[in-house]
Amino acid sequence: MDSANLLTKWQWIVELARRKPGTMLFSLNHVIDFEWMREAYIRTRKDGAAGIDGVTPRDYEANLEANLRDLLERIKSGRYEAPPVRRVYLPKADGSQRPIGIPSFEDKVAQRAIAMVLEAVYEQDFLSCSYGFRPGRSAHQALRQLSGVMTRRQCWVLEVDIRKYFDSLSHSHLCEILDQRVTDGVIRRMINKWLNAGVLEAGNLHFATEGTPQGGVISPMLSNIFLHHVLDRWFEAEVRPRMRGKATLVRFADDFVMTFETHYDAKRVMEVLGKRLARFGLTLHPEKTRFIDFRPQRHGGTPPDCKAQSFDFLGFTHSWQKSRKGKDVVRQTTAKSRFARSLAEVEDWCRTNRHRHPLEQRARLSAVLVGHSAYYGITGNIRRLQEYRYQVTRIWHKWLARRTRRGLSLWASFNAFLTRHPLPVARIIHRYTSPNESLA
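Going by our numbering, the sequence shown opens with residue 26, and the numbers climb by one from there.
Check before you lean on any hint, since a few could be wrong.
[Said to hold, decoys possible] Derived lysine to any residue pairs resembling SDA-like cross-links, with alpha carbons at most 20 Å apart:
no.: 1; residue 1: K423; residue 2: S391
no.: 2; residue 1: K361; residue 2: T418
no.: 3; residue 1: K361; residue 2: V393
no.: 4; residue 1: K332; residue 2: E296
no.: 5; residue 1: K332; residue 2: R315
no.: 6; residue 1: K189; residue 2: A278
no.: 7; residue 1: K271; residue 2: D318
no.: 8; residue 1: K361; residue 2: H165
no.: 9; residue 1: K300; residue 2: D280
no.: 10; residue 1: K189; residue 2: G306
no.: 11; residue 1: K271; residue 2: L298
no.: 12; residue 1: K423; residue 2: H380
no.: 13; residue 1: K45; residue 2: T33
no.: 14; residue 1: K313; residue 2: Q122
no.: 15; residue 1: K292; residue 2: D318
no.: 16; residue 1: K347; residue 2: P321
no.: 17; residue 1: K34; residue 2: V56
no.: 18; residue 1: K218; residue 2: I77
no.: 19; residue 1: K218; residue 2: T234
no.: 20; residue 1: K34; residue 2: P46
no.: 21; residue 1: K271; residue 2: Y289
no.: 22; residue 1: K101; residue 2: A222
no.: 23; residue 1: K313; residue 2: G299
no.: 24; residue 1: K300; residue 2: H198
no.: 25; residue 1: K101; residue 2: I38
no.: 26; residue 1: K71; residue 2: N88
no.: 27; residue 1: K189; residue 2: G340
no.: 28; residue 1: K313; residue 2: L302
no.: 29; residue 1: K347; residue 2: Y457
no.: 30; residue 1: K218; residue 2: F232
no.: 31; residue 1: K352; residue 2: P321
[To be verified] Have a look at the derived ranges for each label pair, beta carbon to beta carbon:
no.: 32; residue 1: R269; residue 2: K423; range: 55 to 63 Å
no.: 33; residue 1: K361; residue 2: R452; range: 15 to 23 Å
no.: 34; residue 1: P266; residue 2: G223; range: 37 to 45 Å
no.: 35; residue 1: Q205; residue 2: A369; range: 43 to 51 Å
no.: 36; residue 1: A399; residue 2: S102; range: 42 to 50 Å
Derived from the structure by calculation, the hints contain no laboratory data.
Bear in mind the structure is a predicted one, so any value in this text is a computation, not a measurement.
Glycine residues also receive a C-beta, built at the ideal position from the N, C-alpha and C atoms.
Model the full structure from these sequences, guided by the hints.
Structure below.
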């Protein structure tokens with residue numbers, strides 16, 4: 026693969042989008058060639074479940090060059106037929122189920138190829154308030170930004186939840202939004218095919234005029250494009266200039282919060298936000314959308330139209346705590362729902378894999394603990410990390426004890442085993458405050 030040539034094509038799209046902001050781009054597909062398709066294949070995850078055709082990444086790789094050339098020809102000629110996605114359901118913390126669409130592996134490669142073009146264009150348009158599914162941006166950057174603005178007294182918070190966002194995303198509105206920027210025939214034809222591919226569930230094929238399946242490679246990109254137009258640009262261009270005080274939007278995919286310096290501003294936005302989203306077919310969840318008084322000291326009490334409480338965002342509960350210097354700082358700790366869900370997954374794994382050798386189990390649980398700290402290991406959350414490690418150890422021992430009455434079933438034997446083969450300790454990976462402002 027000629028990586029220099031690939032980079033040149035990428036930079037050409039980037040410069041074109043920068044030179045022509047807000048202009049329709051109608052000739053982009055010529056950059057999609059065999060090198061582009063090979064790069065799309067490299068960037069496609071190989072550990073996902075198979076789609077409805079049952080083809081695995083290993084199967085596809087057996088004749089990779091021929092498969093990619095054939096895929097490229099079908100994309101360019103219009104002969105490509107987007108297969109239906111296979112729908113499965115994953116449990117959510119509130120007891121409901123989240124629908125996940127599983128495309129075929131070849132369809133994932135095709136989606137990645139188109140998403141690479143869209144990313145080069147829209148990364149020049151996206152605003153700094155958006156953090157989800159963007160190169161060089163992460164959930165921790167969003168959390169750091171949110172913590173910073175609330176510490177600077179933007180403490181009137183709108184915690185927003187869009188009801189079934191991925192299921193209710195309007196195809197017609199999305200196409201109108203894309204018409205303003207990307208009109209290339211090949212790219213738009215592929216997007217339309219994915220939107221209309223249908224969903225295979227329990228042997229039945231369903232088609233819809235709204236929604237994009239979670240799990241598809243193209244879905245996060247289309248989601249960001251949609252909310253960039255519906256929410257981000259509206260907030261920056263129309264909302265913020267009309268505010269009496271400072272206001273901030275922090276968005277990660279379809280999860281977002283708004284913070285305000287004054288109660289008056291927050292109330293005004295709360296009154297119009299639902300109307301704004303309704304114009305594009307979206308609905309606020311009445312129970313999960315809340316107006317919160319997040320001030321550390323509430324002189325004069327909390328107004329009747331909001332609640333004084335903490336809130337959850339990106340898996341963390343946000344609340345106030347005193348630093349070692351006695352200052353009010355925002356504390357972000359593992360949300361109870363995420364904590365419980367993660368331990369439930371550990372319990373299920375230990376139960377179904379208790380027959381494995383203890384060293385194999387230790388390797389898996391060590392990876393779980395390292396991954397947990399990699400995300401939740403932020404300043405002020407060390408106690409929750411230590412509690413998580415303790416609960417993982419307890420669950421592990423519980424299921425080891427149930428497989429035999431000998432060996433590691435006794436705590437003494439188990440602790441001796443852990444002395445020789447310890448689990449990783451809880452670690453703070455992300456430090457959001459200076460050492461002088463660390464939490465007590």
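Results for each hint:
1. K423 with S391: holds (17 Å)
2. K361 with T418: The hint holds at about 19 Å.
3. K361 with V393: holds (18 Å)
4. K332 with E296: holds (16 Å)
5. K332 with R315: With Cα atoms ~8 Å apart, K332 and R315 stay inside 20 Å; holds.
6. K189 with A278: The given pair, whose Cα atoms are some 13 Å apart, holds under the 20 Å limit.
7. K271 with D318: OK: K271 and D318 at ~16 Å, within 20 Å.
8. K361 with H165: holds (19 Å)
9. K300 with D280: Satisfied, since the Cα-Cα distance of roughly 18 Å is no more than 20 Å.
10. K189 with G306: Answer holds: K189 to G306 is near 11 Å, not above 20 Å.
11. K271 with L298: Given pair K271, L298 holds - Cα atoms ~17 Å apart, limit 20 Å.
12. K423 with H380: holds (13 Å)
13. K45 with T33: holds (18 Å)
14. K313 with Q122: holds (16 Å)
15. K292 with D318: holds (11 Å)
16. K347 with P321: The given pair, whose Cα atoms are some 10 Å apart, holds under the 20 Å limit.
17. K34 with V56: holds (6 Å)
18. K218 with I77: With Cα atoms ~17 Å apart, K218 and I77 stay inside 20 Å; holds.
19. K218 with T234: holds (12 Å)
20. K34 with P46: holds (19 Å)
21. K271 with Y289: Roughly 12 Å separates the two Cα atoms, so the pair holds.
22. K101 with A222: holds (18 Å)
23. K313 with G299: Satisfied, since the Cα-Cα distance of roughly 13 Å is no more than 20 Å.
24. K300 with H198: Holds - the C-alpha atoms of H198 and K300 are around 15 Å apart, at most 20 Å.
25. K101 with I38: Between K101 and I38 the Cα gap is close to 18 Å, so the pair holds against 20 Å.
26. K71 with N88: Distance of about 15 Å is within 20 Å: holds.
27. K189 with G340: holds (18 Å)
28. K313 with L302: With Cα atoms ~15 Å apart, K313 and L302 stay inside 20 Å; holds.
29. K347 with Y457: holds (15 Å)
30. K218 with F232: holds (12 Å)
31. K352 with P321: holds (10 Å)
32. R269 with K423: 55 to 63 Å: holds (56 Å)
33. K361 with R452: 15 to 23 Å: Taking Cβ atoms as reference, K361 and R452 lie about 22 Å apart, which means the hint holds.
34. P266 with G223: 37 to 45 Å: About 43 Å separates the Cβ atoms of P266 and G223, which means 37 to 45 Å holds.
35. Q205 with A369: 43 to 51 Å: holds (44 Å)
36. A399 with S102: 42 to 50 Å: holds (44 Å)
Violated hints for the displayed structure: none, as all numbered hints are satisfied.
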